[in-house]
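A.B. asks: Residue-level listing of the chains:
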Amino acid sequence: ELKVEQNPLFLSMQEGKNYTIYCNYSTTSDRLYWYRQDPGKSLESLFVLLSNGAVKQEGRLMASLDTKARLSTLHITAAVHDLSATYFCAASNAGGTSYGKLTFGQGTILTVHP
Amino acid sequence: KAGVTQTPRYLIKTRGQQVTLSCSPISGHRSVSWYQQTPGQGLQFLFEYFSETQRNKGNFPGRFSGRQFSNSRSEMNVSTLELGDSALYLCASSLETGTYGYTFGSGTRLTVV
Chain A
1 ELKVEQNPLF LSMQEGKNYT IYCNYSTTSD RLYWYRQDPG KSLESLFVLL
51 SNGAVKQEGR LMASLDTKAR LSTLHITAAV HDLSATYFCA ASNAGGTSYG
101 KLTFGQGTIL TVHP
Chain B
1001 KAGVTQTPRY LIKTRGQQVT LSCSPISGHR SVSWYQQTPG QGLQFLFEYF
1051 SETQRNKGNF PGRFSGRQFS NSRSEMNVST LELGDSALYL CASSLETGTY
1101 GYTFGSGTRL TVV
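So the protein lines, in turn, are chains A and B. Heads up, the first sequence is in our numbering, so the first residue is 1 and it goes up one at a time. Heads up, the second sequence is in our numbering, so the first residue is 1001 and it goes up one at a time.
The reader is advised that the hints may include incorrect statements.
As the list claims (entries may be wrong) - Pairwise CB distance ranges (calculated): (1) B:GLY1042 <-> A:MET62: 16 to 26 Å; (2) A:ARG60 <-> B:ARG1030: 28 to 38 Å; (3) B:GLN1041 <-> A:ASN24: 13 to 23 Å; (4) A:LYS68 <-> B:ARG1015: 44 to 54 Å; (5) B:THR1080 <-> A:THR20: 42 to 52 Å; (6) A:ASP66 <-> B:THR1080: 37 to 47 Å; (7) A:GLY40 <-> B:ARG1015: 18 to 28 Å; (8) A:LYS3 <-> B:PRO1039: 18 to 28 Å; (9) B:GLN1054 <-> A:THR73: 32 to 42 Å; (10) B:GLU1082 <-> A:THR73: 33 to 43 Å; (11) A:LYS56 <-> B:GLY1003: 17 to 27 Å.
As the list claims (entries may be wrong) - Taking beta-carbon pairs under 10 Å as the criterion, some of the chain A residues facing chain B (in silico): (12) PRO8; (13) GLN37; (14) SER42; (15) SER92; (16) LYS101; (17) PHE104.
What the hints contain is simulated information worked out from the structure, not anything from laboratory work. Please read all numbers here as calculations on a predicted model, not as lab measurements. Here a beta-carbon is modelled for each residue, glycine too, at the ideal position from N, C-alpha and C.
Produce the entire structure from the sequences given, and follow the hints as far as they go.
C.D. replies: Okay, here's the thing in C-alpha cells:
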C-alpha cells in the first residue's frame, strides 16, 4: 500500500528565508503532485512531476522528484507572507488503472512571519 | 474555461439521513475522483470514476457510493449518516491518466448533527 509522508508538518519561517519541505513515499510511483490549500478553501495545483529528475519552478517555489530515493522536495526561496498556507504532496501508484487514486501526505502548515 | 463545480457548497444533515453531492468536471475531463478531508484523517481517497465505470475504490464502508453519468458529471451518496461523516468532500477531475494533473472543486462542507 502506498504511503506518503511529509516533513516537517509545521513550518514557521521568517520572510526572506529559504526552506525545504520533504515528501517521501513508500512504493513505486512515477507521478508526484504538489498542492496548496488556504484555510477554508480547496486545493490549488502547484506542480505535476512525472519523471525521475523532474524539476519545476514557479515564482519562489521549486519542486523536484527523485524516484529512486522515492523523494520529492518543495523548496521555498525568499519566503513572503503570501506563501502562508498548507502544502500537500500526493502520489499515485505507477501503471495500470491506479493513476486516478492519489495518496496524500499529512500536509505542511507553513506560516511566514515578517 | 469553467473549473470543477461542486454543489451544494454547504449541507447540514441529521444522523441517519442520506445525502447526495454533485460534481461537474472540466469539459473534456472523463475522470472524476472523490476525497474526504477531515482534521484527524487528512485527505482520503473515496473512489474514482472513468467513463461511467468505477476504476478505483478507497477503504470506505459501503454507505459511501457514487456514480458517473454519460456527460462525466458524478454524484456521491452517503447513506445512514454518522457524526464522523462530517467533513469537506472534494472532487477532482482530470484527463485520462492525470498527466496534466488533477483539478479540484471548491468542495462540499457536510455537517452531520
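A.B. asks: Quick check on a hinted range of 44 to 54 Å for LYS68 (chain A) and ARG1015 (chain B), using CB atoms only.
C.D. replies: About 49 Å separates the Cβ atoms of LYS68 (chain A) and ARG1015 (chain B), which means 44 to 54 Å holds.
A.B. asks: Does the beta carbon distance between GLN1054 (chain B) and THR73 (chain A) stay inside 32 to 42 Å, or does it fall outside?
C.D. replies: holds, 34 Å
A.B. asks: Okay, GLY40 (chain A) versus ARG1015 (chain B) on CB: inside 18 to 28 Å?
C.D. replies: holds, 25 Å
A.B. asks: Hey, does the LYS101 (chain A) contact hint survive, CB to chain B under 10 Å?
C.D. replies: Cβ of LYS101 (chain A) sits 4 Å from chain B, so the hint holds.
A.B. asks: Is 16 to 26 Å right for how far apart the beta carbons of GLY1042 (chain B) and MET62 (chain A) are?
C.D. replies: Holds - the Cβ-Cβ distance for GLY1042 (chain B) and MET62 (chain A), about 25 Å, lies within 16 to 26 Å.
A.B. asks: Okay, LYS56 (chain A) versus GLY1003 (chain B) on CB: inside 17 to 27 Å?
C.D. replies: holds, 21 Å
A.B. asks: Holds or violated: 13 to 23 Å for the Cβ distance of GLN1041 (chain B) and ASN24 (chain A)?
C.D. replies: holds, 19 Å
A.B. asks: Classify the hint on GLN37 (chain A) as holds or violated, based on whether any CB of chain B lies nearer than 10 Å to its CB.
C.D. replies: Interface hint status for GLN37 (chain A): holds (9 Å vs cutoff 10 Å).
A.B. asks: May I ask you to test the interface hint for PRO8 (chain A) with respect to chain B, counting a Cβ-Cβ separation under 10 Å as satisfied?
C.D. replies: violated, 15 Å
A.B. asks: For the range 37 to 47 Å, tell me whether the beta carbons of ASP66 (chain A) and THR1080 (chain B) fit it or not.
C.D. replies: For ASP66 (chain A) and THR1080 (chain B) the Cβ distance comes to about 45 Å; the hint holds.
A.B. asks: Just tell me: holds or violated, for the beta carbon distance of LYS3 (chain A) and PRO1039 (chain B) against 18 to 28 Å?
C.D. replies: Holds, at about 20 Å.
A.B. asks: Given a cut of 10 Å on the nearest C-beta pair, is the interface hint for PHE104 (chain A) held or broken against chain B?
C.D. replies: OK, holds: PHE104 (chain A) within 10 Å of chain B, min 4 Å.
Going through the hint list in order, the structure does not satisfy hint 12, though it satisfies all others.
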